[in-house]
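*Asks:* Chain by chain, the residues:
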Amino acid sequence: MDFFVSLLYSLPGAISQGLIWGIMALGLFITFRILNVSDLTVDGSLATGGAVCVVMIRAGFNPWISILCAFLVGGVAGLVTASLQTKCGIPAILAGILTQLALYSVNLRIMGGKSNQPVSVDKYKLLVSQRYVRELSLRNPIPLVVIFIAVLIGVLYWFFGTEKGCSMRATGVNKQMARAQGINPDNDIILGLIISNGLVALSGALLAQFQGAVDVNMGRGAIVIGLAAVIIGEVCLKKIKGNFAFKLFAVVFGAIIYYLVLQVTLQLGLNTNDLKLISALIVALFLAVPYWKGRVLPKKGGV
Amino acid sequence: MVRLEDISKTFNAGTINAKIALNHLNLQLNEGDFVTVIGGNGAGKSTMLNALAGTFPVDSGKIIIDEQDVTSMPDFKRATVLGRVFQDPMMGTNPKMMIEENLALAARRGQKRGLKWSISNDEREQYYEALKGLNLGLEDRMKTKVGLLSGGQRQALTLLMATIKKPKVLLLDEHTAALDPKTAEKVLFMSDKVVSENHLTTMMVTHNMRDAIAHGNRLIMMDAGRVVVDISGEDKKHLTVTDLLELFSKASGNTEANDKMLL
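Heads up: the sequence lines are chains A and B, in that order. Be aware that the first sequence starts at 1, since it is given in the numbering used here, and climbs by one per residue. Be aware that the second sequence starts at 1001, since it is given in the numbering used here, and climbs by one per residue.
One chain only, chain A, in its complex shape:
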């Protein structure tokens, strides 16, 4: 009984975390699923977003301006990775790792040399905070994040229906076909990585406010969590046929499920030190299952 009470008690927190990470997962969806690029920049740009936002809020800036700036700086990080890929011929994964590594130093610089910086809801006006997560009031972070995500999904749905968005989708599937249609794939990769990392940084900015602090290591393994969200969402909702907006919704749904499952395992007494190991295992498993199915099923059909 105690187990369920404490689980219920921790649900709102898990859901809000899932929602905030959902924004990050939407960013990852753009690179991973639409552009077909594995972008490892995100581990760095998530913390960059948090750092920019917290430092600005502490300096007295409006939180909305702060998250906007976090988005823009994250976009610059994406631009750097995209330039390493398209202008310097560095393979996508390595380009992401290089930027991610460089961002570690950059993030420390942004935070004035400290590896973490608090931003207390008592002292500053924040958009979202963990403290009010169980409160039935306007201060509760969940409604705001839900609206945020709804707007984001709307904007992304619109964008990928435009000429530019279609060009990006074409680039992600078949570069040669895109080139034959007069599309320069490099431009699409650059724009895609900018938007993606902007969203990741935005998510980091909200996450830092939610937790009341930014840590230079907060992005470690972020790509795994984002991928987990994308994949879990697809697997859980694959039975439902939906349009592109629904696919985006599934990504956020996946992030929430991820945090709910995590919460349950934590409640079952799991050591928090093992979290990353388990996250990695979950993602590996979800990626492997479709591959195994593809290899086993044709044989069965032959018998």
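It cannot be assumed that every hint is accurate.
Derived coverage of chain A by chain B (criterion: at least 3 residues anywhere in the stretch with Cβ under 8 angstroms from a Cβ of chain B; other residues may be distant) [as the list claims (entries may be wrong)]:
| # | stretch |
| --- | --- |
| 1 | 180 to 194 |
| 2 | 205 to 219 |
List of simulated lysine to aspartate or glutamate pairs, EDC-like, C-alpha gap at most 16 angstroms [as the list claims (entries may be wrong)]:
| # | chain 1 | residue 1 | chain 2 | residue 2 |
| --- | --- | --- | --- | --- |
| 3 | B | 1112 | A | 163 |
| 4 | B | 1166 | B | 1031 |
| 5 | B | 1112 | A | 186 |
| 6 | A | 175 | B | 1088 |
Derived by calculation from the structure, the hints in this document are not laboratory data. This one's a predicted model, so the numbers in the text were calculated from it and none came from an experiment. The C-beta atom is built at its ideal place from N, Cα and C for all residues, glycine as well.
Fit chain B to the known structure of chain A by using the hints.
*Replies:* Frame of chain A, contents of chain B only:
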């Protein structure tokens, strides 16, 4: 219309695998020419088409399309004036997008792609009519993902995409080689139709000598990276496969022409 001047291209230059693919090739296409290109494996047919399309930079020589020197222009810019259909039916279309989206993508070749909606209702009507012309029933499946189409349907769609915005040159690179004979014949028929209706300057690579004779107004044969036979007009109309084989062995000094050509 199109001039390839003294084009050379060596792959893997400076290594033990060096392969001279184009060897001081010269070719001029006149406006409205429909040239069929034949030759053995490794003769340089596809390399010539790819050089013209800008898939890779050439080592030397000049490529001129419609009085414009495009030698150093990247392929996606040349695509503005070029229509291409590839050998692999998977290559020319996007399987994850709908038929109408693929067409809209092709219709915007050479235009700036901005934040306008990717396809308008006027366009839909236009595509409906164009698809109807293919006679494959695709006009009623415009919202179908292209991945669900057969190879022949995809090649027909690619052909339509390549010509929906009238190109200065249409490049067909063995575009029926991966299809079954019946479908191949259909796609060839469509190609003929679209070329003659739009008076397109066309180059079609083929492995089939009968097709090469039956289509187009001009035939060139390649060997070792250059054009060795160039026949047009009345001469081409009376050409037979036997003539071609004879011409080939004479031009290349190769008595094993039969085997090589049939490969």
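*Asks:* State for each hint whether it applies.
*Replies:* Now for the hints, and whether the structure bears them out:
1. Here the stretch 180 to 194 of chain A counts 6 residues with a CB under 8 angstroms from a CB of chain B, which clears the bar of 3, and the coverage holds.
2. Given a C-beta distance limit of less than 8 angstroms, the hint that chain B covers the stretch 205 to 219 of chain A is violated, as 0 residues qualify and 3 are needed.
3. At most 16 angstroms may separate the alpha-carbon atoms for a hinted pair to count; residue 1112 (chain B) and residue 163 (chain A) meet this at roughly 9 angstroms.
4. Taken as a hint, the residue 1166 (chain B) and residue 1031 (chain B) pair is honoured in the structure, with Cα atoms around 14 angstroms apart against an allowance of 16 angstroms.
5. With a CA separation close to 15 angstroms, the supplied pair residue 1112 (chain B) and residue 186 (chain A) stays within the 16 angstroms bound.
6. Annotation: proposed proximity of residue 175 (chain A) to residue 1088 (chain B) holds, straight-line Cα distance about 14 angstroms (limit 16 angstroms).
The structure fails to meet hint 2 from the earlier list, while all remaining hints are met.
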